[in-house]
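Asker: Each chain, letter by letter, is given below.
Protein chains: 2
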Amino acid sequence: MNLTEKTLKRNTVYEGRILRLNVDEVQLPDGAKSEREYIKHSGGAAVLLVKDGKVLLVRQYRYAYGKVLYEIPAGKLNAGEDAAVAAARELEEETGYRAELSHALDIFPTPGYTNEVIRIYFADKFEYKGSNPDDGEFLECEFIELEKVLQMIECGLICDAKTVAAVYKYCLGRK
Amino acid sequence: MNLTEKTLKRNTVYEGRILRLNVDEVQLPDGAKSEREYIKHSGGAAVLLVKDGKVLLVRQYRYAYGKVLYEIPAGKLNAGEDAAVAAARELEEETGYRAELSHALDIFPTPGYTNEVIRIYFADKFEYKGSNPDDGEFLECEFIELEKVLQMIECGLICDAKTVAAVYKYCLGRK
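From first to last, the protein sequence lines are chains A and B.
Offset between the first sequence (1-based) and our numbering: plus 188.
Offset between the second sequence (1-based) and our numbering: plus 188.
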């Protein structure tokens, strides 16, 4: 079966600082017309850094959830920026660590309504240089034992998708 | 450090079929004002069903990425619907399997701009009843060997976050 949907008309309904919302008219595989609402996003990059068996996490208030979340260091790509460069930049800005990175995996966070790709890297070699968060970015760094991180995922204290995917992949690779 | 951001003014800029976009005025921890753009979403539910060592996946065109993705069966919660009920409903609609579910984990797909929670379940007992997709939903089901699914994640053929998280958790639990 041909599953492809054809774009009939592109329509941007909001253009903001971090995202653009499109509501396109599309033609479905059976010829019927419909609409697709989705976010156009520049992409994200994230880094799993494990030091002496401890995972480097950042605690950050996430307005959409109304609470502080634990996540691996991450950020949004600047226009045209390479994901590996963005990952290294965000890691250093948020945590003060400069690292050599290797690509671990990419995730599509929620394909029903965003085109974001989050590229996840492992930090292979790293050293502390001192942090320098962006203006308006308030966060705290914390090293947490890997076993404890797995328990926090298990009991729902860590839910961030990129963090779960990165930590799980790391654990599967070790075994 | 207090990381909390305070809502000064709520502002809905778009209300669509599957999502609502808010752009709120907020006060940052240092007192400065800023804006937060985020999607209000009713939540998602997904099911990992493994039968004779094979994972049940659906192939579906995802307009935001412009391609067909492999994902575990999933869908959006109806207003006020329990996530486990939604998961069982979506599983049966999309694949024809009726199942008893146990909760595996929740993920927050991309906390910077959505409040969606995706609740992921494992199918414990199941039987085939015949599928009945929603109007306008075009998809194909496929059972794929777990080892092959892991390879597809490894080489980037499967990137969907809920699928990666569910499969990895399942594999870690087995070991």
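Hints are computed from structural coordinates only; laboratory data are not their basis.
Among these hints, one or two may not hold up.
What the hints assert, rightly or not - Listed next, the in silico DSS-like pairs over lysine-lysine satisfying Cα-Cα at most 25 Å (straight line):
#1 B:221 / A:336
#2 A:255 / B:228
#3 A:264 / B:228
#4 A:221 / B:194
#5 A:357 / B:221
#6 B:313 / B:239
#7 A:228 / B:255
#8 A:228 / B:242
#9 A:336 / A:313
#10 B:313 / A:221
#11 A:336 / A:255
#12 A:228 / B:264
#13 B:194 / A:357
#14 B:194 / A:194
#15 B:239 / A:255
#16 B:317 / A:264
#17 B:357 / B:242
#18 B:336 / B:255
#19 A:357 / B:239
#20 B:357 / A:242
What the hints assert, rightly or not - Which stretches of chain A does chain B cover? Using the computed rule of at least three CB atoms under 8 Å from a CB of chain B, they are:
#21 265–278
#22 330–337
Backbone N, C-alpha and C define an ideal beta-carbon position, used for all residues, glycine too.
Asker: Starting from the hint list further up, note which numbers the structure goes against and sort them upward.
Answerer: Structure breaks hints 1, 4, 5, 8, 10, 13, 14, 15, 16, 21, 22.
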